[in-house]
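Make the full structure from the sequences, and use the hints.
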Amino acid sequence: MSRKATAGPSALPELTSDDMCPVCKTIRYLNKDMEFLINPECYHSMCVNCVNRLFNDGPNQCPYAGCHRTLRRKGFRSAFFGDLAVEREVDIRRRVAAVFNQVEDDFETLRDYNDYLQMVEDLTFDLVNGSEAKRREAEATLQRWEAEHRADIERNRRAGREADEQSRRRLAAEREAARQRRVEALREAEEERRERERSREMELDSLAQGDAAAATGAQHQQRVQLKKRGQANRALEAATMTTTAAGTPAAADVGRLSIRGLKEKKKAPAASEGPYDPFGGMDFVPSRYKIRPGLTHPAIDKYRHDPAHITGGYSFDEYIDRVMFEAFAGLGVFIEDEKEAGIGLSAGEVATISAGIAAVGDKMELD
Amino acid sequence: MAAEDARYRQSSQYLLWSFSPSQLASIRENTNAAARSAIAARLSSLPASSSNTLSAPTSSANTPDPEGSSTPALPEFLTPAEEALLVTFYTSELLRAGDHANMSDEIKATAAAIFRRFYVVNSIMTYPPQEMLIVALFFGCKAEGHFPSISEFGKTFGKENPDDILAGEFLLCQGLRFALEVRNPFRALKGAVMELGLLPDIEASRLAAAERRAREILRFSPLITDAYFHYTPSQIMLAALSLADRGLAERLIQETFHYVAPASNNSGADTPMSDAATTTTAPSKRAPATRVGGEEDKATIIGSHVRDKVLGAIEACRDMLAKELPERREHWTNKTVYKAQLQPLRKKLNKCRDPERSNLVGLQRARRQQAARKDDSDDEDDLDGQARGGGGGGGGGGTTLEEDGAVFGDAANLKGHKGGGGQVKKGLEDPFGPPL
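For the record, the sequence lines run as chains A and B. Anchor point for the first sequence: position 7 equals 346 in my numbering, and the numbering is continuous, going up by one each time. Anchor point for the second sequence: position 262 equals 648 in my numbering, and the numbering is continuous, going up by one each time.
FYI, nobody ran anything at the bench for these hints, they're computed from the structure. Since the model is a prediction, treat every value here as computed from it, not as a measurement. Don't take every hint at face value.
Claimed, not checked - Below, simulated SDA-like cross-link-like pairs (lysine to any residue); rule was C-alpha separation at most 20 Å, straight line:
#1 Lys-629(A) / Lys-684(B)
#2 Lys-695(B) / Glu-675(A)
#3 Lys-721(B) / Glu-479(B)
See below:
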């Protein structure tokens, strides 16, 4: 935005000359700690020494030939991206985003919001890649918008900050809760270990004394301990349950793996239709014929004992199924009636079939 | 509703390619009219000095109303009836070609059905039938799970260049609305024979003879008529069987639709069954019916009312097939018939061919070029002009993206896009054949 007008992205100074300062021609070989800085005024890079030398005494002109920008010491920083064109675009986008910070809730319809986003993106593009005139225009638009919507922008910024703050707090709370849980778990494990050791010692003692009754007692003890552990777990669960019920949603999320930002899903109506039917309830039980033993045809008889067919697992029953189906499928389908009006059908079928026909019919007309 | 019928109604043959006679006639008329106007427009847009042999100079003498001195006069176009006759003739040619290449019955039948379907929505004046029938045969092979090598296949028909065949392939697919399945009645015939074979009072020799004859009929008659459009495979099969042996077909129908309302209380008495048949077939058949539902359902599935309707349909189909019995094969190859009826039509066809679409290879090449160039240039009209000059091909309008979307959109909601409105309709226009 505030670069030389004629410079396209390709004309930007390259930071690839990583080993030599373009201003003082110092090479890295002589100064191992050489660091390059840029100023977002013109994105010309130079080494720290040059910056100090030139700008310590106040604002000065950019030392690049042909660049007459006045730079200040304060504006210099090291580039985050190697490609300065990217650096510049990111800066511009940051600036635009700070001004155009409306959120979807500010708009009445999604359509409006999308239009707004489109407008912002067009403007950004002009700023980044546009010609001199376009750039100037976009700059003016940006400033006008900033002036006009100062209150809105401020409000949104505050809201954004608050949201950030909130999410940060929530994250911290979650982290804290997780830490608590870990500590708790550690403590429990430790306790359990100690308990186990104690009971083991007791058991050994009793065995050493050769007291069978005591040994069973130890076993009993162990069982008691197991039971206790189960109880402890259950108690813990109950505790979390109550906190879930009482606490904030953030607290509820603590217990399980959660992905933030997902919308609360509506519960699907309880499916009571039974298992999923991939055929959409179509009936495969033949109603006009029946597959009976003895159905056969001379043409397939000779293959029944042909090793080439039976070793491969050829199923003659499947074949007969298919043949019989084809013999009777559509016997009661009267194309003339059904395609014209759906006569002789029940109401539901007429609806579905005529939808299909209408669809087909429409296409036919087109050809 | 019977489960088998419900399943048949799911097939693309039923959904897309079954019409009542009046519907079929109106579609053919539309196709013919569209082809006429498109070809007329293209012919008149051709430069008068073009040395195109297809264009009008020869016919300008006999056309009554030459339009003007600058544009060549339009040839006389084929009427829908003439088109249908020619399609039938070429179907018989297709069957002959299939015989020549020793193809199985299924392949020939599928190819013939494909061919006829293609020429329902495309005019024979637009795309050359002589080439399309070989494409249809090649495609029939593939649709029936038989994959010949294209070069071998081409040699069988004296086409050394595989592109001659492949050029029409996508076109054919489009014309078929990508519904590649054809339900043939051959396997159904086997099923009928199996069912009849279980009846004790039918001699095997009679059955075998009837099957042979019915198969012979199925190999020819339904393919050369519109039977595939108007009847279901099982009805066609029964019609053929009844042509071969009327008694057997009626018997099978009686056996199938044996249900009588319980009031009369003499189930099975109206069928001429022997006692043995009653005991073996009747109870076993009633079992599924009871499973499906009550008496009402049974009546609608295997009751006498439906039986009469089925008999009526089969009778109609039988009449249709009887017009083209296998003996009529000779009719279509007969020299005198050919000279008298077909040759004039073919001559007429030669005159009113679509100047841009009759060369499939050129058309294909032009389309490819156009697709390749589409990236470079935005100017559709300019492109079209170039393509026309280069290979004599027009252009399917619309971007490939749109076409893809339309294809998938159609596949996704075959039933429901009625509500989609004009946009969907517009999108659907493209994948199913370019404008004529």
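Those earlier numbered hints the structure runs against, lowest number first: Result: no hint breaks.
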